[in-house]
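Colleague: Quick mapping for you: the protein sequence lines, in order, are chains S and W. Residue numbers for the first sequence follow my numbering, beginning at 32 and rising by one. Residue numbers for the second sequence follow my numbering, beginning at 32 and rising by one.
The reader is advised that the hints may include incorrect statements.
Unchecked claim - Covered stretches of chain S (chain W as the covering partner; in silico rule of three or more C-beta atoms under 8 Å from a C-beta of chain W):
#1 38 to 51
#2 219 to 229
#3 251 to 263
#4 275 to 289
#5 294 to 303
No lab work stands behind these hints: they were computed from the structure. Glycine residues also receive a C-beta, built at the ideal position from the N, C-alpha and C atoms.
There are 2 protein chains.
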Amino acid sequence: MKLALIGVGMIGGSVAAALRRAGAIDRAVGFDADPKAARRGVDLGVLDAAAASVEEAVREADLVVLAVPVGAMREVMAAAAKALPAHAIVTDVGSTKLSVIEAARAALGAASSFSIRRFVPGHPIAGRELPGVEHADAELFRGRLYVCTPIGETNAEARASVESLWRRIGAQVVTMDPAEHDRVFAAVSHLPHLLAFALVARIASEPDGERKLGFAGAGFRDFTRIAASSPAMWRDVCLANRAALSEELRGYRALLDELQRVVDAGDAAALEATFELASRTRRRHARTFDAE
Amino acid sequence: MKLALIGVGMIGGSVAAALRRAGAIDRAVGFDADPKAARRGVDLGVLDAAAASVEEAVREADLVVLAVPVGAMREVMAAAAKALPAHAIVTDVGSTKLSVIEAARAALGAASSFSIRRFVPGHPIAGRELPGVEHADAELFRGRLYVCTPIGETNAEARASVESLWRRIGAQVVTMDPAEHDRVFAAVSHLPHLLAFALVARIASEPDGERKLGFAGAGFRDFTRIAASSPAMWRDVCLANRAALSEELRGYRALLDELQRVVDAGDAAALEATFELASRTRRRHARTFDAE
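Bound conformation, chain S alone (with noise of 0.2 Å):
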């Protein structure tokens, strides 16, 4: 099977890397938007070639991965749908759904040779902080969840060949209503992403906050890992999922403005029930947080 990767940073490096060791490709060609980071693809083992555009990187594919920031989906969609083969499927690792399916049902429907049925949208949940090739790892996905998303056009053979190859590298396969899967991860990653860089941009914009900083604990650095993350990538992020983030934002906000009531008032009852509520349930989930 020849792979098309699209994207060649820690994901879909990551990937290609597992999709290899695993033995389900004999072939993979990458293109990336800046050129090194596709040559350094190919150094490191990871690609077989570096194809010029994307629409030579796909010409040949059995399988197309698209691993770009969700921003750019449409416009690699819209040049691949110029050159994809007609029998190849074509998935995505983007961390939203439905502005992946807009764009997939507007570049890759518009397509002459291929058809939306042959797209399988879904989201693996594993990562790390650090990005690009170099940091790819065949076994990113070993134990996490693959988040599938199939739409009604999906057909069932392209569905189960994805889902197929995301089990031989090691994830758990589970199948999600994309609407759903928006709303899951604005609660449980793109709102927590949005409040951690919101704390450090705070403190990093006061006239003390260097000093604040060399204060910092454990704790500090733990809540604060993710705002590490890429600005452009979560920025993509949160506005294509902008519909779902802004109604947990204005939850979440809600829940902080109560607790200013209750700070202010010195409500010790109401403080320690929310405290209470949280602490019990993350400590309840934290074997399946270790577990990871």
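Given the structure of chain S, go ahead and fit chain W onto it with the hints provided.
Modeller: Just chain W now, with coordinates in the frame of chain S:
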């Protein structure tokens, strides 16, 4: 030197274990409101004896370490004041300083035999999520900061003794004004705890909360690790440092109000500017945190 440890938990137990390993004490007596905790401290070899009351614990002490939740400081200080030897030094490890100092002025300042001049307030920046003396660690403070926040009354000899003990157990000693301490830790510790508790409590209170948590990944795990902390301890900390926390929370809420407008308006540049400032700052400090 005889140590009286008031509050036999993870932090207090670590102080006693570290002082013993350093050869700085030859006897450690502990009191805890929960008699089982003090007995566990004896069983674990952290303490030589469990006292039945604060008064009994401090009666023959050269050094008294107060390691109870900040909300309980005033009560244990009032009890200690009845029995403290005149030569003893009293120090605390509370996460807030103005409230503890206010309690000390009221309770220790009223003691007949003991002078407030021998009270040295301080705060070691180290911890683990796991509570209880069974998680005490003699190496917990090695390479960590100890923030000494002496007051006008504190005499130089008492302060030097306490700082010297922290150095002997591996901590790096810094001095800070108590009011500045409370502002700094409201920003880098107390607010993040409140935000993490709030996020988990919000998800837990939703009908589909458990389903959402089932999809949480490594980012959520790290962001919410501090939400597993003790609800009672953090209720106390947040209320003890209410003025500074209230101000930090107000400022953070104003930034979230702004980010809600930015997300709703789809303002990519403004969103990226905030994320970029945060990411740059967090990456620059990554080495500081990792060194911990």
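Colleague: For this structure, which hints from the list above don't hold up?
Modeller: Hint 1 alone not satisfied by this model.
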